[in-house]
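> What follows is the residue order along each chain.
There are 2 protein chains.
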Amino acid sequence: MICPIVIDWGTTSFRAYRLSDQGKVLEKRASANGILAVKDGQFAAMLLDQIGDWLANDTTAPVLMSGMIGSRQGWQEIDYVTGKPGLSEIATGMARVSLADGRAVWIAPGYSCRNADGQIDVMRGEETQILGASAGRDGDQIYCLPGTHSKWVSVTGQRITGFTTFMTGEVFDVLCRYSILGKLMTEEGRSEEEAQRWFDDGVQKAKAGMPLLSGFFGVRARALFSEIPEAHTKDYLSGLLIGSEIRDAFKDKDRLVTLIGSGHLIGLYGRVIENFGGTVELSDENLAAAGLYQLACHLEGQGQFCE
Amino acid sequence: MICPIVIDWGTTSFRAYRLSDQGKVLEKRASANGILAVKDGQFAAMLLDQIGDWLANDTTAPVLMSGMIGSRQGWQEIDYVTGKPGLSEIATGMARVSLADGRAVWIAPGYSCRNADGQIDVMRGEETQILGASAGRDGDQIYCLPGTHSKWVSVTGQRITGFTTFMTGEVFDVLCRYSILGKLMTEEGRSEEEAQRWFDDGVQKAKAGMPLLSGFFGVRARALFSEIPEAHTKDYLSGLLIGSEIRDAFKDKDRLVTLIGSGHLIGLYGRVIENFGGTVELSDENLAAAGLYQLACHLEGQGQFCE
Numbered sequence: 059m060i061c062p063i064v065i066d067w068g069t070t071s072f073r074a075y076r077l078s079d080q081g082k083v084l085e086k087r088a089s090a091n092g093i094l095a096v097k098d099g100q101f102a103a104m105l106l107d108q109i110g111d112w113l114a115n116d117t118t119a120p121v122l123m124s125g126m127i128g129s130r131q132g133w134q135e136i137d138y139v140t141g142k143p144g145l146s147e148i149a150t151g152m153a154r155v156s157l158a159d160g161r162a163v164w165i166a167p168g169y170s171c172r173n174a175d176g177q178i179d180v181m182r183g184e185e186t187q188i189l190g191a192s193a194g195r196d197g198d199q200i201y202c203l204p205g206t207h208s209k210w211v212s213v214t215g216q217r218i219t220g221f222t223t224f225m226t227g228e229v230f231d232v233l234c235r236y237s238i239l240g241k242l243m244t245e246e247g248r249s250e251e252e253a254q255r256w257f258d259d260g261v262q263k264a265k266a267g268m269p270l271l272s273g274f275f276g277v278r279a280r281a282l283f284s285e286i287p288e289a290h291t292k293d294y295l296s297g298l299l300i301g302s303e304i305r306d307a308f309k310d311k312d313r314l315v316t317l318i319g320s321g322h323l324i325g326l327y328g329r330v331i332e333n334f335g336g337t338v339e340l341s342d343e344n345l346a347a348a349g350l351y352q353l354a355c356h357l358e359g360q361g362q363f364c365e
Numbered sequence: 059m060i061c062p063i064v065i066d067w068g069t070t071s072f073r074a075y076r077l078s079d080q081g082k083v084l085e086k087r088a089s090a091n092g093i094l095a096v097k098d099g100q101f102a103a104m105l106l107d108q109i110g111d112w113l114a115n116d117t118t119a120p121v122l123m124s125g126m127i128g129s130r131q132g133w134q135e136i137d138y139v140t141g142k143p144g145l146s147e148i149a150t151g152m153a154r155v156s157l158a159d160g161r162a163v164w165i166a167p168g169y170s171c172r173n174a175d176g177q178i179d180v181m182r183g184e185e186t187q188i189l190g191a192s193a194g195r196d197g198d199q200i201y202c203l204p205g206t207h208s209k210w211v212s213v214t215g216q217r218i219t220g221f222t223t224f225m226t227g228e229v230f231d232v233l234c235r236y237s238i239l240g241k242l243m244t245e246e247g248r249s250e251e252e253a254q255r256w257f258d259d260g261v262q263k264a265k266a267g268m269p270l271l272s273g274f275f276g277v278r279a280r281a282l283f284s285e286i287p288e289a290h291t292k293d294y295l296s297g298l299l300i301g302s303e304i305r306d307a308f309k310d311k312d313r314l315v316t317l318i319g320s321g322h323l324i325g326l327y328g329r330v331i332e333n334f335g336g337t338v339e340l341s342d343e344n345l346a347a348a349g350l351y352q353l354a355c356h357l358e359g360q361g362q363f364c365e
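Residue numbers (the working numbering), protein chains in the order written: chain V, 59 to 365; chain C, 59 to 365.
Derived by calculation from the structure, the hints in this document are not laboratory data. Take every hint as true, because none was put in to throw you off.
Just so you know, same-sequence chains aren't split out, so a pair can sit in one copy or run between any two.
Heads up, simulated DSS-like pairs for lysine-lysine below, C-alpha to C-alpha not over 27 Å straight-line:
1. Lys-265 x Lys-311
2. Lys-265 x Lys-309
3. Lys-311 x Lys-142
4. Lys-309 x Lys-142
5. Lys-97 x Lys-241
Nothing here was measured: the structure is a model prediction, and the numbers come from that model.
Full structure from sequences and hints, please.
Given below as structure tokens:
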């Protein structure tokens with residue numbers, strides 16, 4: 059059986075995993091060498107720089123990648139799969155690039171669909187994480203991947219049926235950094251306990267239907283009148299934004315949502331989903347590795363690594 | 059009768075008017091010396107620099123100002139009036155500062171209220187423009203003042219009954235400049251005719267209820283698939299934002315809306331309000347001057363300039 063080397067190569071991060079033939083993580087290596095850090099299309103050189111020793115030590119290990127490495131700004135642009143893809147369709151959508159010695163490297167496709175608003179939407183990398191997360195599960199599932207561009211993904215069995223992206227994290231970031239709201243924000247006098255209270259207050263406003271564009275201005279107006287301490291304007295804005303996303307994304311309010319990711323943001327999203335009446339479970343780590351392992355097994359089963 | 063000198067002194071602009079005793083504009087002087095251009099609180103010096111000759115030529119003319127000059131960052135912070143103020147309440151809210159020679163300069167207050175969402179909201183300068191715009195009018199009126207922070211103001215007779223601010227212009231600006239959407243935007247190949255079409259397309263999405271946070275990401279996804287030409291992503295985003303504002307602000311869709319302002323933006327707002335079923339009229343120019351003239355007459359009638 060195969061022991062694949064798999065890589066989750068995103069915009070700002072590179073995460074490589076050496077897997078056992080059962081898909082267990084034997085070794086993990088992570089760096090900030092995302093595709094933005096690669097100059098002049100030198101992706102092969104960067105790969106050797108990061109895990110050249112792994113490749114040399116096991117010259118027959120299949121190498122698979124997913125993430126923004128398959129985008130126009132990556133190693134090679136791989137077409138998005140469409141429809142309601144499962145393991146087989148995503149595996150079929152993979153494309154090969156070659157190292158200087160002729161060794162093949164497989165890159166997963168992205169996935170695109172018309173989202174809940176009838177609008178074209180795209181993901182790259184999340185489709186592979188979803189394969190990892192939904193392995194062995196039955197029935198309808200909802201996944202939420204919070205972040206710069208949060209995604210809400212519907213899955214049936216191990217088949218993605220649709221998703222919608224929300225630019226929540228990026229809007230928060232540009233407003234804090236570059237808008238008039240940022241001028242109010244200070245860390246001085248901020249407390250964790252109060253932070254939660256003001257975050258919840260923002261969520262409550264969103265839940266009550268506050269439009270975002272007037273809600274944003276309200277951050278300033280309320281701070282002017284000391285209705286929000288300046289140290290907590292950021293928490294309030296965060297609640298308003300995440301609350302708005304979840305209000306619009308989470309239609310069946312009594313459902314279980316599987317959160318994919320890690321860190322502080324997962325805690326905030328879990329809090330809001332529960333506030334809206336949902337229940338939450340956290341996914342395992344290394345989902346990209348788990349999904350790429352399944353893709354490797356599928357390609358192996360088709361004899362793709364024997365050429 | 060008095061021939062007042064009135065000044066609309068905002069964040070980034072200074073506009074002074076020498077008025078006749080009937081309120082006619084005899085002379086107008088405008089510069090980019092808004093309050094941000096004034097260093098170390100030297101507002102009196104800047105005023106003399108801008109209109110020292112007017113002040114010297116008519117030493118008894120009352121001098122009145124409105125706008126951000128009455129804010130914490132301005133000459134002196136003047137308390138907001140509240141409730142449902144008309145001419146008398148706004149005049150009563152004015153405060154005086156003095157020039158070195160003891161001459162009084164009157165500054166209009168801002169206005170604050172709880173807006174349609176129950177949120178505290180603030181304006182500074184618009185209350186005076188509304189006095190100018192609503193002079194001699196009866197019954198319920200709606201005013202829209204598009205801009206960085208657009209305002210929708212309800213008026214009955216000459217009395218302001220409430221308003222809501224939308225951060226539309228500023229959100230557009232920070233997204234174009236600093237978000238991933240800005241990277242797509244180009245002027246190359248842009249045509250005015252197509253611009254209108256894509257603007258309308260964005261409006262249509264907002265009208266259909268598209269959430270802003272997913273709509274923003276859609277600008278990128280649709281451009282990736284060439285569903286929107288990159289040269290028109292900015293027009294589409296503008297339509298999505300202005301459409302969202304008007305969807306949320308303009309509740310009684312068959313009403314007459316008086317647009318206050320000038321330039322390209324007024325045309326866009328008029329187009330959208332009509333798209334939503336409203337009718338539009340444009341206000342006169344120099345509304346701040348007209349409002350300040352009324353305040354001057356009111357104070358004159360009280361004998362405030364005789365001390």
